[in-house]
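Q: Take a look at the letters that make up each chain.
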Amino acid sequence: GAVVSQHPSWVICKSGTSVKIECRSLDFQATTMFWYRQFPKQSLMLMATSNEGSKATYEQGVEKDKFLINHASLTLSTLTVTSAHPEDSSFYICSARVGNMNTEAFFGQGTRLTVV
Amino acid sequence: AQSVTQLDSQVPVFEEAPVELRCNYSSSVSVYLFWYVQYPNQGLQLLLKYLSGSTLVKGINGFEAEFNKSQTSFHLRKPSVHISDTAEYFCAVSDSGGYQKVTFGTGTKLQVIP
Numbered sequence: 001g002a003v004v005s006q007h008p009s010w011v012i013c014k015s016g017t018s019v020k021i022e023c024r025s026l027d028f029q030a031t032t033m034f035w036y037r038q039f040p041k042q043s044l045m046l047m048a049t050s051n052e053g054s055k056a057t058y059e060q061g062v063e064k065d066k067f068l069i070n071h072a073s074l075t076l077s078t079l080t081v082t083s084a085h086p087e088d089s090s091f092y093i094c095s096a097r098v099g100n101m102n103t104e105a106f107f108g109q110g111t112r113l114t115v116v
Numbered sequence: 001a002q003s004v005t006q007l008d009s010q011v012p013v014f015e016e017a018p019v020e021l022r023c024n025y026s027s028s029v030s031v032y033l034f035w036y037v038q039y040p041n042q043g044l045q046l047l048l049k050y051l052s053g054s055t056l057v058k059g060i061n062g063f064e065a066e067f068n069k070s071q072t073s074f075h076l077r078k079p080s081v082h083i084s085d086t087a088e089y090f091c092a093v094s095d096s097g098g099y100q101k102v103t104f105g106t107g108t109k110l111q112v113i114p
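Line by line, the protein sequences give chains A and B.
Numbering follows the numbering used here, in which position 61 of the first sequence is assigned residue number 61; successive positions increment by one, without gaps.
Numbering follows the numbering used here, in which position 41 of the second sequence is assigned residue number 41; successive positions increment by one, without gaps.
Be a bit skeptical, because a hint or two may be false.
To be verified - No more than 20 Å apart at the CA atoms, straight line, and that leaves these computed lysine-lysine pairs for PhoX-like:
hint, chain 1, residue 1, chain 2, residue 2
1, A, 41, B, 109
2, B, 58, A, 55
3, A, 14, A, 55
4, B, 109, B, 69
5, A, 20, A, 66
6, B, 49, B, 69
7, A, 20, A, 64
8, A, 41, A, 55
9, A, 64, B, 49
Claimed, not checked - Restraint ranges, calculated between C-beta atoms of paired labels, are given here:
hint, chain 1, residue 1, chain 2, residue 2, range
10, A, 72, B, 51, 41 to 51 Å
11, A, 27, B, 39, 35 to 45 Å
12, A, 51, B, 68, 11 to 21 Å
13, B, 28, A, 5, 30 to 40 Å
14, A, 7, B, 39, 12 to 22 Å
Bear in mind the hints are in silico, worked out from the structure with no lab data behind them.
Yeah, the Cβ is synthetic: ideal placement off N, Cα and C, and Gly gets one too.
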């Protein structure tokens, strides 16, 4: 199947700083990427849908100024957590859909963010 | 809007015993259904999916699921589990029209006991 790679896998940052997470589709072009957040022992919650070359669509309750999403190319989307606080500590997972076809989305391995 | 209910947060089962993980969904439109597995500190791996056709779907690692439209269920089964099946399992649904947003259940932790 198609491969989606996230980087970094783990990151620890100080409160008030910003951190960027990358999501890459390695062997296919992804016009649509999704960003999810997963708190401990909970399910995945969709944060935003990112379409290449346009602004991301955020889910209700997600602060777009805090979670900046950029999808500048067909193989890369980035999520930047700005002015991170301990409550932003979570597991962030991206997924990417192959082109414009109605096919399944492939998931990255996730990024564990810890804000201290 | 769609929703997914996984009633069992944890399911302990002895090795080589059969297991069923339950999933019920609600939706006002036709849906696609999925089961994903997540190992600790890893992303999601697709086990199987129902898009259309036969209601009995076979997936990887010996898992299968049956789509029951009248009961709005998509239970996951395996006739004989292994220690390596210990993981978190998520049921998910998306509408068949867009195949964009996927709504996940709260997950079921399968604990295989040696």
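Q: Now look at each hint and say whether the structure bears it out.
A: Results for each hint:
Annotation: proposed proximity of residue 41(A) to residue 109(B) holds, straight-line Cα distance about 9 Å (limit 20 Å). Of the pairs offered as hints, the one joining residue 58(B) and residue 55(A) is violated, with about 38 Å between alpha carbons and a cut-off of 20 Å exceeded. Taken as a hint, the residue 14(A) and residue 55(A) pair is broken in the structure, with Cα atoms around 28 Å apart against an allowance of 20 Å. Proximity of residue 109(B) to residue 69(B) is assessed by CA-CA distance (about 25 Å); at most 20 Å being required, the pair is judged violated.
Proximity of residue 20(A) to residue 66(A) is assessed by CA-CA distance (about 12 Å); at most 20 Å being required, the pair is judged to hold. Distance check on the hinted pair: residue 49(B) and residue 69(B) sit about 15 Å apart at the alpha-carbon level, within 20 Å; holds. Taken as a hint, the residue 20(A) and residue 64(A) pair is honoured in the structure, with Cα atoms around 14 Å apart against an allowance of 20 Å. Proximity of residue 41(A) to residue 55(A) is assessed by CA-CA distance (about 31 Å); at most 20 Å being required, the pair is judged violated.
Restraint check for residue 64(A) and residue 49(B): the C-alpha separation of about 32 Å exceeds 20 Å, so the hint is violated. Our hint of 41 to 51 Å for residue 72(A) and residue 51(B) is violated, since their Cβ atoms are close to 31 Å apart. Range check, residue 27(A) to residue 39(B): Cβ separation about 22 Å, and the 35 to 45 Å hint is violated. For the pair residue 51(A) and residue 68(B), the supplied restraint of 11 to 21 Å is violated, since their beta-carbon distance comes to about 35 Å.
For residue 28(B) and residue 5(A), the hinted distance range of 30 to 40 Å is satisfied, since their beta carbons lie about 36 Å from each other. Checking the proposed 12 to 22 Å range against residue 7(A) and residue 39(B) shows it holds: the Cβ atoms sit about 19 Å from each other.
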